[in-house]
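> Here the protein sequences come in this chain order: W and E. Under this note's numbering, the residues of the first sequence are numbered 1 to 126, in order. Under this note's numbering, the residues of the second sequence are numbered 127 to 445, in order.
For the record, the hints were derived by calculation from the structure and aren't laboratory data. Cβ coordinates follow ideal geometry from the N, Cα and C atoms, glycine included. Any given hint could be a false lead.
With a cut-off of at most 35 Å between alpha-carbon atoms, the simulated DSBU-like pairs for lysine-lysine come out as follows [to be verified]:
| hint | chain 1 | residue 1 | chain 2 | residue 2 |
| --- | --- | --- | --- | --- |
| 1 | W | Lys51 | E | Lys190 |
| 2 | W | Lys53 | E | Lys171 |
| 3 | E | Lys186 | W | Lys53 |
| 4 | E | Lys186 | E | Lys294 |
According to the in silico footprint, chain E covers these stretches of chain W (three or more CB under 8 Å from chain E) [said to hold, decoys possible]:
| hint | stretch |
| --- | --- |
| 5 | 19-32 |
| 6 | 87-96 |
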Amino acid sequence: MSTATTPSLYEQIGGSAAVEAAVDVFYRRVLSDDRISHFFDDVDMDRQRAKQKAFLTMAFGGPHNYTGKDMRAGHARLVAMGLNDSHFDAVVEQLAATLRELGVGEPQIAEVAAIAESTRNDVLNR
Amino acid sequence: MPHVQYGSTRCDLNQNETVLDGLLRAGVGVPHACKAGSCGSCMMKVVRGAVPARAQTGLKDSWKARGYFLPCVCLPENDIEAVEVGDEARVAARIVSIEPLSHNVLKVVLAADGGFDFRAGQYLTLIREGGVARSYSIASLPGDGTLELHVRVIPGGAMSGWLVDTAKAGDEVQVQGPSGECFYVPGQPEQPMLLIGTGTGLAPLYGIVRDALSSGHAGPIHLFHGALNSGGLYLRDELAALDAAHANFSYSPTVLSEDGAVDAVVTARHPNLGGWRGFVCGDPTLVRSLKKKLFLAGIAMRDIYSDAFLPAVTSTNAA
Chain W
1 MSTATTPSLY EQIGGSAAVE AAVDVFYRRV LSDDRISHFF DDVDMDRQRA KQKAFLTMAF
61 GGPHNYTGKD MRAGHARLVA MGLNDSHFDA VVEQLAATLR ELGVGEPQIA EVAAIAESTR
121 NDVLNR
Chain E
127 MPHVQYGSTR CDLNQNETVL DGLLRAGVGV PHACKAGSCG SCMMKVVRGA VPARAQTGLK
187 DSWKARGYFL PCVCLPENDI EAVEVGDEAR VAARIVSIEP LSHNVLKVVL AADGGFDFRA
247 GQYLTLIREG GVARSYSIAS LPGDGTLELH VRVIPGGAMS GWLVDTAKAG DEVQVQGPSG
307 ECFYVPGQPE QPMLLIGTGT GLAPLYGIVR DALSSGHAGP IHLFHGALNS GGLYLRDELA
367 ALDAAHANFS YSPTVLSEDG AVDAVVTARH PNLGGWRGFV CGDPTLVRSL KKKLFLAGIA
427 MRDIYSDAFL PAVTSTNAA
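So here's chain W without its partners, still in its complex pose (with noise of 0.2 Å):
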C-alpha cells in the first residue's frame, strides 16, 4: 500500500518557479507569430504580461480566480476584430511549443492543452 499522494500537474511542472520561466517564452513566441501578433498591436505590455502569467497559472492547473465571465468580457473586444477558432488553436500550438521548449514531459503537455481548450467557447464569446 503507498501512502504517497500524486503531485497536483501544477507541481509537476514545477508552480509559479515554471510560470515564471514560461511567461516571457510564451509571450514572445505568441508576438512573433503573424497570425495572432496582429491582436497585440495596441496592448500595454506590462499589463499583458500580468495577464499571461495569470493564464499561465491557470492552464498549469495553479491557483486561479478565472470565470468565464471575465474571459467573455476579456476578448469580447478581440473577437470584434476576428479572433476565431484558427487564431485559438494558434494559441494554444505556441503553448505547447513553450511546454516543449521548456522540457516539460508530453503528458502534462496534453494536460495543459486541455486545460486551455476548456476556455475556448468563452475566449470566443459563443
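Start from chain W and add chain E according to the hints.
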C-alpha cells in the same frame, strides 16, 4: 451611484465617471494633467470611505497608508470624502535658473527647501502659482544638490509658456514626488545596457547613464537620442565628452530626417539583445513600440524599464 464630498462640493458620480471627471464637471478646479494615473498632479487624500486599489497604483506605500489616491483613475464603489493634498506631500522649491538647451527645450534648475530624495531617472510634479501642475523627469543626480528638468516648450503651454515668459530665478514653486520605476539598479555590473530616448526623453536617461557610470557599471552602455531634426538634439557636447571619457559608453544621436526612425536604427545595430537591460523614455507610441521590439530582440520583460511621457489632457491648457 456613489457620491464624492470635496470641501463644500457634493458630486454625484455618473456611471463610469472618475472622481476627477465628476469634480471637474461640478466646477471644482482640481489641478490635473495626464488623466491616466501617472503624473500625480491631481492627487488627493481620502478621509472617509475607501478607494479601490487601482486608484493608488504606483504611489509610495507611505502615501497609500495615509490615504492618498489618484482621482483620475478612481471609480469608487461607495461614497467617499476627499480633501486636498496637504503640504506633507509637496515641498517648496525655488527656481535657480532657466536657460535654453535647444530651440524648444529649456533647462530648468530648482533647489528644494530641505532637499528632495529621488533616484536618477525618476520624475516629479512641478506646481506653479495658480495650481498648474506638470510632470517632468529629473536629469540631475541626487548628489548634485539641485533638480535639473528638461522642459519642452509648447506654444501657449500653461507651464512651459509661464517658464518662458514670466518665471525668473528666485521664484517659488512646489514639487511633489518623486515617482517612477525607471532607474538604474546596481548589481550585474557587466550587463550590457541600451538606453533610447526621444525628445526630452533624454532627461531621465542622462541621469541614469551618469548614475550607472558613477556606480562603476563596467558593461557596455549604449545611448541613442532620437530627434525629428538636428535642432532637436541637445546636450551633444556633454554626451560626446562623456563618450570620450568612458570606454564603455557610446552616444548615438539619430535624426529622423537623415538616419530614419530611432527604433529602426537601434534594431539594425543591435538585433540580438538577449541578457541586456533596456531603458526607453519619451513619446508614448514610440515607447510602446520599442518595448515590444526590445523584448522580441531578447531582452526579458523584467529588464525593460520605461517611462512614457503622456501629454497633458485639458480643455483649457496645453502642457
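> Are the hints correct? Go through all of them and say.
Taking the hints in turn, this is what the structure says about them:
With a C-alpha separation of about 24 Å, the suggested pair W:Lys51 and E:Lys190 falls inside the 35 Å cut-off, and the hint holds. Among the hinted pairs, W:Lys53 with E:Lys171 is consistent with the structure: their alpha-carbon atoms are about 33 Å apart, no more than 35 Å. Annotation: proposed proximity of E:Lys186 to W:Lys53 holds, straight-line Cα distance about 25 Å (limit 35 Å). A distance of roughly 32 Å separates the Cα atoms of E:Lys186 and E:Lys294; the hinted pair therefore holds under the 35 Å criterion.
Judged by the Cβ-Cβ criterion of 8 Å, the stretch 19-32 of chain W is covered by chain E as claimed, because 6 of its residues qualify and three suffice. Counting residues of the stretch 87-96 of chain W whose beta-carbon sits less than 8 Å from any beta-carbon of chain E gives 0, not enough to reach three: the coverage restraint is violated.
Checked against the numbered hints above, the structure breaks only hint 6 and satisfies the rest.
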